[in-house]
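Protein chains: 2
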Amino acid sequence: MPTTAPPELLDRLHDEMGAAVRALQAEICAALERIDGRARFSADAWDRPGGGGGLSRVLQDGAVFEKSGVNVSEVHGSLPPDLAGKIPGEGGAFAAVGLSIVIHPASPMVPTAHANVRFIRRGAAAWFGGGADLTPYYLFEEDCRHFHRVLREVCERHEPGSYARHKRTADAYFHLPHRGERRGVGGIFFEDMGGDLRRELVFSTAVARAFLDAYVPMVERRRDLPYGEAERRWQEIRRGRYVEFNLVHDRGTIFGLQTAGRIESVLMSLPPRARWIYDHHPAPGSREAALLDVLRTPREWVDL
Amino acid sequence: MPTTAPPELLDRLHDEMGAAVRALQAEICAALERIDGRARFSADAWDRPGGGGGLSRVLQDGAVFEKSGVNVSEVHGSLPPDLAGKIPGEGGAFAAVGLSIVIHPASPMVPTAHANVRFIRRGAAAWFGGGADLTPYYLFEEDCRHFHRVLREVCERHEPGSYARHKRTADAYFHLPHRGERRGVGGIFFEDMGGDLRRELVFSTAVARAFLDAYVPMVERRRDLPYGEAERRWQEIRRGRYVEFNLVHDRGTIFGLQTAGRIESVLMSLPPRARWIYDHHPAPGSREAALLDVLRTPREWVDL
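Protein sequences appear in the order of chains A and B.
The first sequence begins at 1 in this note's numbering and counts up by one.
The second sequence begins at 1001 in this note's numbering and counts up by one.
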């Protein structure tokens, strides 16, 4: 259940969340540019006809990152009828402010990573939501453990025991039922925790702030590993699954399509290249098959 | 409104449709293999746990066709709850039999083409549906006119004036509202015409039978045209739109995902390769921009 609060408090939280995600966007883009060393983030400010707008920052064809988006959006107005029955709260007035990060590296040895945090308000009700998850193409268990360990620290600082809950929610959410696979090795996902909104603001921004700590070490460790056409092909097949998840299941993408967000910003999460090969199965015993095993049966990467 | 009919007649129509689409599948695959000259169609028979099954035939990495699927499916059982409110008729018992064709040629000079026909039955109600549409990457107006002319003939033979109606339905259906684009230059789309079921069976199978006449001439005319990396890249960008349409809007795909059809058969329509470049716009005055103009404002290709 979302929390209800006086409009002045909701306005203030909305403004604070906006300021926080704008600052995080600048920091994260600067850090990723330093790592990449070649390409730079573009900056496209856009307005939404129904109310609000955003700043989309995208880096393409870098030395390390093939396509990365770090977007801030702040939209408000009347809730589209399609969504009215699907989100909590009452009335037609809504506002949402959030940060969305999706990083598709060039090398199949470096995982795709995603994080987003958002504050949504409908009438007198409001809630925070977000998450972070990792989508490797080749499994380095040390990387999975590190990613989860950093997220666990953020969760446990906020509320002891919450990592286990958010980790299970992520395993349930980042799921392609039609494939019987998760899209990656998970992370955390949380929404509408129903607690004190100011504490949730602190938690949500802490998740976004921890993202680089969770992800950058594996970029540095794996960026120079050799790979060839076969590994690249596998990466593109798995990126097809990423497309399937985002277009069929991802709530943020569907929210963006239904609220007529700026389409290039909504779909910046889609990978630069994807491939669909009919009835493809990796060879038994291969590294590709080892990844699939984990996608089919999510693991615990750190102690709960 | 679907037509209601006695169960014996519905059984007979179901069986006749099944026999017709199986024969068409064999003919179409044989014709495409002759044209390709190199690759052959695989044949995968599958069972659906809830009832029914199908035969999926896919050709990959051909000389002309990069990926083509010609699938027959015959599924029946209890309607999934998600679908119960979305399709006409009453009760939980349903059956569907149909043929689905999607052809993605290697050359960007040769359009992607699609056709499907289906007979769906729910309780005592039943209807036919289907369509055919063309998705070029480069515009050859002669090809678009030919494709529509063949479809017009089939429609007008069935019911004078019906081409105009089915053509408008296709323009409305093969539409990506979030892009403000159609996925191609259209064709026809029809569903639940509410007429005599036996006449609709004849019409539906005639549409499938006309598919090769509508499509093959342009394959022969364009298959040897030269192209380079730039044209291939544009083809992959447009194929990204094809993916967006199929995963977000296509009723057959959504029906397949919700009825737990065989996933590789449901998603055989997805292109072999696709690309998403952030905020890509073709150069003004280019051939790519000329195609976009037509996708944004559907044309009449033949007299109505």
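Keep in mind the hints are simulated off the structure, nothing from the lab.
Just so we're clear, the structure is a prediction, and the values are computed from it rather than from any experiment.
One should not assume that every hint holds.
[Stated by the list, open to error] Derived coverage of chain B by chain A (criterion: at least 3 residues anywhere in the stretch with Cβ under 8 Å from a Cβ of chain A; other residues may be distant):
| # | segment |
| --- | --- |
| 1 | 1059-1069 |
| 2 | 1127-1134 |
| 3 | 1247-1259 |
| 4 | 1263-1276 |
Here a beta-carbon is modelled for each residue, glycine too, at the ideal position from N, C-alpha and C.
Verdict on chain A covering the segment 1263-1276 of chain B, where coverage means 3 or more residues with a C-beta closer than 8 Å: holds (count 12)
Verdict on chain A covering the segment 1127-1134 of chain B, where coverage means 3 or more residues with a C-beta closer than 8 Å: violated (count 0)
Coverage of the segment 1247-1259 of chain B by chain A (three or more Cβ within 8 Å): n = 3 at 8 Å, threshold three: holds.
Coverage criterion applied to the segment 1059-1069 of chain B (partner chain A; beta-carbon cut 8 Å; 3 residues): holds (count 3)
Figure legend: structure checked against the earlier numbered hints; the only hint not met is number 2.
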